[in-house]
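Number of protein chains: 2
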Amino acid sequence: MVHRHDLSVGTTGGGGDSGNGPEPCPAFRPELRNATAGEVLAEYLHRQATEFLRSLRLHDESAGSAESAAVAAEAVRLMRRSARRISAVLQVYRPLTDGAWADQLSGELVWLSGVLGRERAYETRLHRLLAALHRLSSVPADPVPSAEPPLASAGPPGRRGPSSAGGGLGAGAARAGALLERQLTLARTRAHSAALQALGSSRFHAVADAVAVLASEAPPAAETASRPAAGVLLPLAELAHRRAAEAVDALPLTRARQSYNGEALAHTLAAGGEHDAAWNQVRLLVRLRRYAHEVVGHDDPALAAAGRALDRHRDASEAASAAAAAARTPRIAPATAYALGVLHADQRHEVEAARFSFGRLWRPAVVPPQDAVAAVPSGAEGGR
Amino acid sequence: MVHRHDLSVGTTGGGGDSGNGPEPCPAFRPELRNATAGEVLAEYLHRQATEFLRSLRLHDESAGSAESAAVAAEAVRLMRRSARRISAVLQVYRPLTDGAWADQLSGELVWLSGVLGRERAYETRLHRLLAALHRLSSVPADPVPSAEPPLASAGPPGRRGPSSAGGGLGAGAARAGALLERQLTLARTRAHSAALQALGSSRFHAVADAVAVLASEAPPAAETASRPAAGVLLPLAELAHRRAAEAVDALPLTRARQSYNGEALAHTLAAGGEHDAAWNQVRLLVRLRRYAHEVVGHDDPALAAAGRALDRHRDASEAASAAAAAARTPRIAPATAYALGVLHADQRHEVEAARFSFGRLWRPAVVPPQDAVAAVPSGAEGGR
Chain A
1 MVHRHDLSVG TTGGGGDSGN GPEPCPAFRP ELRNATAGEV LAEYLHRQAT
51 EFLRSLRLHD ESAGSAESAA VAAEAVRLMR RSARRISAVL QVYRPLTDGA
101 WADQLSGELV WLSGVLGRER AYETRLHRLL AALHRLSSVP ADPVPSAEPP
151 LASAGPPGRR GPSSAGGGLG AGAARAGALL ERQLTLARTR AHSAALQALG
201 SSRFHAVADA VAVLASEAPP AAETASRPAA GVLLPLAELA HRRAAEAVDA
251 LPLTRARQSY NGEALAHTLA AGGEHDAAWN QVRLLVRLRR YAHEVVGHDD
301 PALAAAGRAL DRHRDASEAA SAAAAAARTP RIAPATAYAL GVLHADQRHE
351 VEAARFSFGR LWRPAVVPPQ DAVAAVPSGA EGGR
Chain B
1 MVHRHDLSVG TTGGGGDSGN GPEPCPAFRP ELRNATAGEV LAEYLHRQAT
51 EFLRSLRLHD ESAGSAESAA VAAEAVRLMR RSARRISAVL QVYRPLTDGA
101 WADQLSGELV WLSGVLGRER AYETRLHRLL AALHRLSSVP ADPVPSAEPP
151 LASAGPPGRR GPSSAGGGLG AGAARAGALL ERQLTLARTR AHSAALQALG
201 SSRFHAVADA VAVLASEAPP AAETASRPAA GVLLPLAELA HRRAAEAVDA
251 LPLTRARQSY NGEALAHTLA AGGEHDAAWN QVRLLVRLRR YAHEVVGHDD
301 PALAAAGRAL DRHRDASEAA SAAAAAARTP RIAPATAYAL GVLHADQRHE
351 VEAARFSFGR LWRPAVVPPQ DAVAAVPSGA EGGR
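Here the protein sequences come in this chain order: A and B.
Heads up, the first sequence is in full-length UniProt numbering, so the first residue is 1 and it goes up one at a time.
Heads up, the second sequence is in full-length UniProt numbering, so the first residue is 1 and it goes up one at a time.
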């Protein structure tokens, strides 16, 4: 049985208090020194499972009524939040539990957060695209007077004054926005029904039951669960970090780092998201690593920021795809297609910008886990 | 009369030999120490005027025949090169000559290089746009396998695989290219006839005659022309620098410097070249400053590079305008308009990239003229 009280004290801050004071071992929460690996894992799963069930109740109470639609949506978001964490932690710390059981529950939670996430994804995408269209079609400020200095060589013609370069966008932007709204709202509605259907399915009830058990009981324990927490958990957390780090190293970060060499956007426009899949995989692995470290009380702000950059990457990449897809709609006006082309390029630039900021945020994130590694051999003693 | 021989020795390198050896005054060519301001100016104008007349002869010999079209084009380019320099120098060093005469000839040379430059400008623009279309519509490499890690949350849908984000461009790119080629080739042909017409006009012959005089005689001299070169020329060269520097300081360089904050391109796409006029003005002032410093033997590679960045800025800005203008052609296919939209955004990104590299190149360029300033009070002695 878990010393729930002891543990919850130090963890309510999500491990945010690690590193306070002259802590000899920054790589591990002090109050977990004497706990077993199984106790720490069970405590984390208990907390997430409780959150999940609370959100589920909130959803059931608010669903159906138009007034509380926002509450229901928030409840779904919180359910996904817990589901992602439970799923991730069951995978990373699989050796502490019954592997078959962990894989099964983890897989079901992936299915669930996927089904529940679609509606919000379409909503976010539409908002992102409409905001970009608004920004792109905004009227430029008064142009800088182009009175040329006395000996200005007249230079080649064709500059039709400051506002002309964005010309035509205003006309097509409105129609492009309407087209995107129609397409993405339809997709969103379908996703909403799919989510409700899933929440009513026996498949979901089986998942909810399994989570309910985690809220009250420790997961089926393997032998390693009874060993001291630090020696077992830190190497597994470090493994999760190494998987993410290796995936990052395989990315064309260097190009993204070059900022305005012009080549990056050109490439992303040409290849049209050639590397998006690899970047999305990194997003998932970095998130997995973050959840894994939550268990041992690591809170890494730089890594969280890097994760947000990867989320922006995903959003922009999918928004760009949506713009390109909308442009393939039959019988649209040229002005609409032109605006969608500019919009696509704008979102691909956001993709490149997200890669660039991730490239700058990721390096610092590497340090803490290396402390953790150093701490492992000596049983979590003497990190840094 | 100018000591042409004495001077031409040290200047054939365009002043590139300034700063050789333990030169006490890097701000001024040694052999000009004992020359008067008028002599130095006349020598420079003589050299440029001679170049102009040689290029004009080359053009007259090669014009008309299809075989020698390239030679004629090169001759025109060289004529413009000299015309720009004479015009610039007459303005910067106006106090040394008859002001009314200088303004009149300088203005005519601006007219001439403007008329002669159009054909080449359209040709460059077309090549730039076709190259960009080719780059943007190039087929992406094999996508990175998107096999997701075990607990990959399925995530929102809509990613239609790597190649889809660039989808549709291939189709429209060819038609967009054909459209641009038709429009810009027509404009180029018109510019060609206009240039030939100008070269046959009495207005041109008057300019050519005035330049011929500069090739053999010193310009009408003001009193200051007889004073020592350094004391008169360096302050005027410095003034030209200050004009450029002030115009640069007025630019939103900081934003251009932030590279991938995403905001820069978004702004340039939205404002659609709001600041292009100001940047073009800077381009002209920086070029003016460069020519002015050629007279006193300054050769500033960093400044030349900054100037090239400003040329790229102008080219990209006008290419973006041409893409936007082509998209306003009636009855074009949506795929064509979409490709032109992507192309427009791509060229606006090149504009932003050019601003960014200028921002990095400009600062170093400030240093040499400051040496020059230091050198002025003591009559060009003891710079640095």
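Keep in mind that the hints were calculated from the coordinates and are not lab data.
Just so it is clear, CB atoms sit at the ideal spot from N, CA and C, and this is done for glycine as well.
One thing to keep in mind: the hints can contain errors.
Each pair of labels, with its calculated beta carbon distance range [as the list claims (entries may be wrong)]: (1) A:T185 / B:G170: 56 to 66 Å; (2) B:V71 / A:H127: 56 to 66 Å; (3) B:A174 / A:H127: 47 to 57 Å; (4) A:H127 / B:H127: 31 to 41 Å; (5) A:G170 / B:A131: 51 to 61 Å; (6) A:A333 / B:A174: 17 to 27 Å; (7) A:R81 / B:H127: 48 to 58 Å; (8) B:E74 / A:Q183: 27 to 37 Å; (9) A:G170 / B:R308: 49 to 59 Å; (10) B:A194 / A:D249: 24 to 34 Å; (11) A:H127 / B:G170: 23 to 33 Å.
Far from chain A, some chain B residues (derived; all Cβ distances over 10 Å) [said to hold, decoys possible]: (12) G172; (13) E181; (14) P228; (15) A327.
So, going through the hints one by one against the coordinates:
no.: 1; hint: A:T185 / B:G170: 56 to 66 Å; verdict: violated, 29 Å
no.: 2; hint: B:V71 / A:H127: 56 to 66 Å; verdict: holds, 59 Å
no.: 3; hint: B:A174 / A:H127: 47 to 57 Å; verdict: violated, 34 Å
no.: 4; hint: A:H127 / B:H127: 31 to 41 Å; verdict: holds, 40 Å
no.: 5; hint: A:G170 / B:A131: 51 to 61 Å; verdict: violated, 29 Å
no.: 6; hint: A:A333 / B:A174: 17 to 27 Å; verdict: holds, 21 Å
no.: 7; hint: A:R81 / B:H127: 48 to 58 Å; verdict: holds, 53 Å
no.: 8; hint: B:E74 / A:Q183: 27 to 37 Å; verdict: violated, 53 Å
no.: 9; hint: A:G170 / B:R308: 49 to 59 Å; verdict: violated, 34 Å
no.: 10; hint: B:A194 / A:D249: 24 to 34 Å; verdict: violated, 57 Å
no.: 11; hint: A:H127 / B:G170: 23 to 33 Å; verdict: holds, 30 Å
no.: 12; hint: G172; verdict: violated, 8 Å
no.: 13; hint: E181; verdict: holds, 15 Å
no.: 14; hint: P228; verdict: holds, 26 Å
no.: 15; hint: A327; verdict: violated, 5 Å
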